[in-house]
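Visitor: Keeping the supplied structure of chain Z fixed, place chain D with the ligands upon it in accordance with the hints.
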Amino acid sequence: MAVMHEAAHEEHKLGFLQRYVFSQDHKIIGIQYMMTSLFMAAVGGVLAMLIRMELGWPGARWGLAKWLFPGGFTGDGTLKPDFYLAVVTMHGSIMIFFVLTTALSGGFGNFLIPLTIGARDMAFPFMNMLSYWLYPPAIVVLLASFFVAGGAPNAGWTAYPPLSALYNPATGTGLAAPGSGLGQSLWLVSLAILIVSFLFGSLNYITTVLQLRTRGMSMGRMPLVTWAQFTTAILMLLSFPVLFAAVVMLLFDRHLGTSFFVPSGLVVGGQLVTHQGGNPLLWQHLFWFLGHPEVYVLILPPMGIVSEILAVHGRKPIFGYKAMVASICAIAFLSFLVWGHHMFTSGMNPLVGTAFMVTTLAIAIPSAVKTFNWVATLWRARIHFTPAMLFAIGFVSLFVTGGLTGIFLGSPAVDVYFQDTFFVVAHFHFVMASAALFGLFGGLYHWFPKMFGRMMDERLGKLHFWLTFVGIYATFFPMHFLGMAGEPRRYYSPQMYDFLRGLSGLNMFVSLAAFGLGLAQLIFAYNFIRSLFRGPKAEGNPWHANTLEWQADSPPPHGNWGATLPTVHRWPYDYSVPGATEDYIPQTVPVTAAVVAGGALHHPVQGGAPDEPPTTDLNSA
Amino acid sequence: MPAPTRTLERPPSARDPGTPAIGGRGPDGTGGDALAGTPATTPARIAVWLLVGAITVLFAAFTSTYLVRRGEADWRVGPLPPVLWVTTGVLLGSSVALEGARRHARRGEMAGLRTWLTVTTLLGLAFLAGQLLAWRQLVAAGVYLSSYPHSSFFYLLTGAHGLHLAGGIGALLYAVRRAPAAATAAAALDVADPVAAYWHFLTGLWIYLFVILFAL
Ligand code: HEM
Ligand SMILES: [Cu+2]
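Chains Z and D, in that order, give the protein sequences.
Counting with the working numbering, you get residues 1 to 621 for the letters of the first sequence.
Counting with the working numbering, you get residues 1 to 216 for the letters of the second sequence.
Just chain D, with the same shape it has in the complex:
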C-alpha cells in the first residue's frame, strides 16, 4: 500500500470494531486507485493546524490588549534581561535541529531522526530554563508581576508561551519514541510533521512576542 491516503474509514484499532479495509474505497471495497492522487493527510495534520489557529487567537487577544494598553501616556518599558537573547538563539536553533530531524526522516534514516529529535527536545528544555532564569533576574531586580503594566504583560506573555512550549516538549518526547520506530519514512513523517508544525509555530510566536515586548 502507498502512503496513507485520505482516510475514508478510520484505521482499525483495538477499540474500533468492524473496521476492515473494505467498504471505504471502490464499490466492491477493493478499489482505491481513484484516491492515489490525493495528498497524504492524517487527522493529526489537520488537528495541529486547528490547534495553531486557536492558540493564535489566544495570543492575538493577549497582545491586542497589550498594544492598546501601550498607547496610553503612563506607559514605560521594563529592563530586558540579557539572557533572553540567548534563549531566542536556543529556540531558533531548536527549530533548525527539528528540520534536520525531518530531513533524516524523509530519507528514512531513523537513527539520525532520533538524534535530532532529541537535540530539539534538549534545546527546548534549555529555552525553558533560560526563560525561568530571566524571570529570576527580573525578580532579583525588583520587577514583579504587579509592578507596572509592562511587567504584568511580560510575565503573562512569557508564561503563557512557556506553558505552550512545555506542551510542545511533551509532543517532542512522544515523537522521539514513536517516529523513529515507524515502519516507513512516510509513517515517521506522519508523526514528526505535526509536531514540527506546532514547534515552529511556537518559535515564530516567541519572536513576535520578543519584538513587541521590547523592540517596537
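Next up, chain Z with everything else stripped away, as it sits in the complex:
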C-alpha cells in the first residue's frame, strides 16, 4: 500500500498544466484527442449543413449565413461557387482526417490500449504527448486557410493536381480555382503535421501492445477492440508515409518549380503553364495507396468497438473470435491491394482494372465473415438495448447497406457510370462515414463511465439513436437514386443541366433530412456535457464486462492499477458460461475459481501466455 500512497503523492506533485494539459498519461491524452475531435466534428457538421443548403436550394439567399461567413456569400446572400467547393473540400478533409481518425485511433486507441492489456501507460509517454500536441497546430493551420487570399482549398479531400498544383505567386490565389492558392498550401502543410502525429501514435500503439501486455495477456486473449487498434496502427504506419511523400512532392511543385505532377503543355485560363513533364496520375496512385487503407483505418476501430459492445450488452461470447481476428488481419492486408478501384476511369488498362476488381471484391469476403459473426453473436442473445448496443446494431445495418453498394462500384463496367456521382457519395457515407460515426457514438456511450466516472442518460441516448438512425437513412439512401439519375458530386448547382432539374424535390428532401440529422446531434451534445458534470456516479464495472479496463476504478487513477498489475487467466468473452454463478467472468478470475468456456486456455490462439506457469501451479498455490 505504500506504493499506492506514493502514487497519490506523485499525482499531487504534478501541476495542473502537467496533469491536464501537457499530460503524458494515456487516459488524459485519449480524452484530449476525443474532445478536440468532437469539436472538429461540430465544425465539419456545420460545413455539411452549408453543403446541403446549397444543394437543396441552389442560388437561394441566406441572410443569416451571410453574417456568419462574410467571405463566402455575395452581398445579396447567395453562396459563392468557390466557397461551395472550399466547404466541400474542408468538410471531407476535416471529417476523415481530423474527426474520425483522431477520435477513433487517437481517442479510443490511447484510452483503451493500455487499459485493456493491463499496462500502466504507453511505451513512450512523452512521444504520446507530442503526438497529441501536433494535432491542434495542424487544426490551426488547416482552418487558417479560410482566411487567406483565395480562401480554403477547392480541390476536394483528394486534392488532385493539376487543379491543386497551380497557382499564381503574384496574387497568391489559384490558377484554375481561387482556393488553390495559399489555402491549398496550408492544407498540405496541415496534413503533413498531422501525419507525423499519426506516426508517433501508431509507433507507440504497436510497441505498447507488443511489449507491455500484463502477465497472462497473450495476443490470443486480447479483446477484439485492442486487436483492431493494433492492426489499425500497423495500417497507419505503413500507409501514411506514402501520403507524406505525395504531400512533399506537391508542395515542391507548388513552391519550388518542380514538375512531379504537372504535365507539359498545360493551358489554364488561356495561359501556358511553365511546368514541364509531370504526370498527374502519379498523385492519384500515391493518394489512393494511402486513401484506401485510410478508409479501413476509420472502420477497423469501430469494428472492434462493435464486437466488444455486442458481446457485453448481449451477454454472449463473441461468435468466432479467431475468425474475427483473422478477418481483421485479412482486411488490413487486402486494403493495400485495392487502391486502383478509385481510378477505374483514369484511363487505366482494362486488364489492370480487372485485377483491381478481383482484389476489391475479395475484401468483401472477410467483411462478410465479420458481419456474419456479429449477427451470430446477436442470435438468441439476451440483448440489453442500451444506447451503446443500439448504436452497435445500427453500425451493422449501415455497414451492410454501404458494403453492398461497394460491390457494384467494384465492377469497372458499372463504376464507369457511377464514378463521381452521388451514388459514390451514398456508398461511402453509409459504409465509412455513418458506420464509423455509429462506432464512435457506441464507444462513447459504452466507455463514458470509464472515461469520466459518470453515467450518461439512457433515455436521451435512445432518443439520440433513433433520430440519428432514421436521419441517416433519410439523408443518404435517396442519394443512391440521385446518383443513378446521374447527379455528379461536387457541383455547385445540380440544377445546371436540364436532365437534373427533376431531382430538385429529392434534393430538398435530402437537405431537410440532413438538417434534422444535424439537430439530433444537439441531443448528444447536451447529454454528453450534462453527464460530464451531473451524471450519476458510475461504479467500476457498470455493464458487468470482463475486460481489464472494467476491473479498474472509474475513472482509473494515474498508473491505472494499484500496487500490482492485474493477472489475466482467460479470454475476454466468458459471458453466460453455463454453471457459473454470474453471467460474466472477468479476465482476472483464476481458472480454478470459475470454468473457462471452451477450454480457451489451451487453445493455440486463445491459449495462455508463453510465460504463464501451467495451470497446475495455480492449483497448488
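Read the hints as simulated data drawn from the structure, not as lab findings.
Where is the CB? At the ideal position from N, CA and C, for every residue including glycine.
Take every hint as true, because none was put in to throw you off.
From the structure, some residues in chain D lie toward chain Z, with a derived Cβ separation under 7 Å:
#1 L50
#2 T65
#3 L145
#4 S146
#5 S152
Guide: What follows is chain D with the ligands alone, placed relative to chain Z:
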C-alpha cells in the same frame, strides 16, 4: 538480475509512480524464471524497426514515382557529381565503424565503444558535408531543382535521405553519451543496437538511391 527480459511492467521511473518490480512476474511477484528463456527486447528495439518500416514506405513512394516517371520518352539523366563516390565510401566506412563500436560493447570495453561511436558520428557528418558539396557542384554546373525531372528527383531523394541521416546523427550523439556510461555490456547494447539498426538502414537506403539514380 540478468539482462532485461520482456518488459511486462514498465521500468520504474521518476514520473511513473507505483511500478515496483513486483506483480509482473510470478503469482507472488517474485517469480521470473519462466521468463529466462525469452530473448531480450526493449521498446526501443521494436520501435526502431517500426520506424525503419515507415521510412521504407516513404522512400518506396518517392522512388516508385521516380521509376514510373523514368519510363517516359523525354527522360534524361543528369551529371553524376564525382564527390558522391567519396561520400558513398565514407558512409560505408561509418557503418563498419559502428560495427566496431558494437563489437567493443559486446566485450564490455566502454572506452573503445565511445571511440568508435565518435568515429561513426564524424564520418556521418563528413557524409552530409559531401552531399552538400555535391549539391553545390551541381548548382555551379547550372543544374537546379526545377531544371528537369531527374534533377528534381535527385535533390528530393538526397535531401530526404540527408534529413533522415541528420536525425541518425542526433541518435548517435545520444548513444555516444549514454551507451559507454551504461553499467553492463547488455545495457550498452540496448542503447547502441537500435541506433545501429537505424544507421545501417540509412546506409543501405543510400546505396539503393545511388544505384537507381545513376546506375540503372
Ligand atoms: C465491400 C467492400 C467495398 C467495396 C467493394 C468498395 C468499393 C468501392 C469503389 C469501387 C469505390 C470507387 C467509387 C468511385 O469513385 O467511382 C469506392 C469508393 C469509396 N469507398 Fe468503398 N468499397 C467497399 C467498402 C468500403 C469501406 C468499408 C469503406 C470505408 C470504411 C469504403 C469507403 C469508401 C470511400 C470513402 C470511397 C470514396 C472516396 C472518394 O472518391 O472520395 N468503402 N468504394
Ligand atoms: Cu477504396
